[in-house]
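S.K.: Listed below are the residues making up each chain.
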Amino acid sequence: MERNLNPQESLRIIEEMIHSAKANFKENSFYFIFWGWVIIIAEVAQLLVSRFTDYAHPYYVWFIIFPAMLISGWYGYSKGRKMSVFSHIMRINVMTWFSFLISYLILVIFSGSHHNIVPVIFILAGNATFLTGIIIKFKPLVFGGIVLWTGAICMFYLSGIALDLVSILSLVFGYLIPGYMLKYQKEDVK
Amino acid sequence: MLNKLDPLLHSELRLAVMSLLISLTKADFTYLKEQTKATSGNLSVQITNLEQAGYITVEKSFKGKMPQTICTITKKGIEAFEQYVDDLKEYLKI
Chain A
1 MERNLNPQES LRIIEEMIHS AKANFKENSF YFIFWGWVII IAEVAQLLVS RFTDYAHPYY
61 VWFIIFPAML ISGWYGYSKG RKMSVFSHIM RINVMTWFSF LISYLILVIF SGSHHNIVPV
121 IFILAGNATF LTGIIIKFKP LVFGGIVLWT GAICMFYLSG IALDLVSILS LVFGYLIPGY
181 MLKYQKEDVK
Chain B
191 MLNKLDPLLH SELRLAVMSL LISLTKADFT YLKEQTKATS GNLSVQITNL EQAGYITVEK
251 SFKGKMPQTI CTITKKGIEA FEQYVDDLKE YLKI
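Going down the list, the sequences are from chains A and B. Using the working numbering, read the first sequence as starting at 1 and increasing by one per residue. Using the working numbering, read the second sequence as starting at 191 and increasing by one per residue.
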């Protein structure tokens, strides 16, 4: 490949290489599908325990979040080690979700039990989902973010079983459906 | 008067490698070889040239039992690439 170039050829090489350096984001679908199912299972489990048993602490089912965090972190770490490239766009996307995680932990640890933090978590998840959709140019995730925001607005006015149902529906349309669409789309998202 | 194009970047393979690395935080040797369609020997020589000029850093490690060479563009490399693109624009009167 060693030969003299003219400026037009140089420009063509730069354009071709920058175009080919775009990364594949299909593996991101794991996180939306995994977290969508984890949270839906926790929601349904809490609903069933509180409705059909006398157990005083149905919210304990949410401790499922912590092993799920470990699984999610392990998946990200092992995938990261195997990746042959890491782009600036990937880094921005990872940092978007890292900022969500920090915000989530601050809320859970420091907000106290008297606040209704569920809608706030959905707002934060909506932010991160919307931004991922913009970053990887995948419209279903943009709409997923909007669904989560809309769900959060409804949650401020609801309680009991209605709140649980809105929460589950928001996750189905905000996480799961966009996640499966990302996983099974024919062309790589670039 | 037009600036002389950086001779280190004004080569098909070195320019291709730098154009890939300008878009990425890091890339391994196999990826660069696939994208540039270069031979291992030629790519290895050109990567060494870029490393010696301080345009990229090269980190050798192991991925499982396989050796892995990770290339990352440096600040000097980014500046040189930007200057090259500016000079190219002048030549092309863009």
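Misleading hints may appear alongside valid ones.
List time: in silico EDC-like cross-link candidates among lysine to aspartate or glutamate, alpha-carbon distance up to 16 Å [said to hold, decoys possible]:
#, chain 1, residue 1, chain 2, residue 2
1, B, 279, A, 15
2, B, 227, A, 16
3, B, 279, A, 9
4, A, 79, B, 218
5, B, 266, B, 196
6, B, 194, B, 249
7, B, 283, A, 9
8, B, 223, A, 16
If you want the ones that stay clear, here's a sample from chain B, every Cβ over 12 Å from chain A, calculated [said to hold, decoys possible]:
#, residue
9, 241
10, 243
11, 265
Because the hints were derived from the structure by calculation, they are not lab data. Just so it is clear, CB atoms sit at the ideal spot from N, CA and C, and this is done for glycine as well.
S.K.: Does each hint fit the structure? Answer for all of them.
M.R.: Against the structure, the hints:
Restraint check for residue 279 of chain B and residue 15 of chain A: satisfied, since their Cα atoms lie roughly 13 Å apart, inside the 16 Å limit. At most 16 Å may separate the alpha-carbon atoms for a hinted pair to count; residue 227 of chain B and residue 16 of chain A meet this at roughly 13 Å. As the CA atoms of residue 279 of chain B and residue 9 of chain A are separated by approximately 13 Å, the hinted pair is consistent with the 16 Å bound. About 15 Å separates the Cα atoms of residue 79 of chain A and residue 218 of chain B, which keeps this hinted pair within 16 Å; it holds.
Between residue 266 of chain B and residue 196 of chain B the alpha-carbon distance is near 13 Å, which keeps this suggested pair within the 16 Å criterion. Taking the CA atoms of residue 194 of chain B and residue 249 of chain B, the gap is near 31 Å; set against the 16 Å cutoff, the hint is violated. For the hint linking residue 283 of chain B to residue 9 of chain A, the alpha-carbon distance of about 15 Å falls within 16 Å, and the restraint holds. A C-alpha spacing of about 15 Å is found between residue 223 of chain B and residue 16 of chain A, which places the hinted pair at or below 16 Å, so the restraint holds.
For residue 241 of chain B, the condition that its CB be more than 12 Å from all CB atoms of chain A holds, with the nearest at approximately 17 Å. At the 12 Å boundary, the C-beta of residue 243 of chain B stays outside the reach of chain A, the nearest C-beta of that chain being 16 Å off. Look at residue 265 of chain B: its CB is around 15 Å from the nearest CB on chain A, clear of 12 Å, so calling it non-interface holds up.
Of the hints listed earlier, the one the structure fails to meet is number 6.
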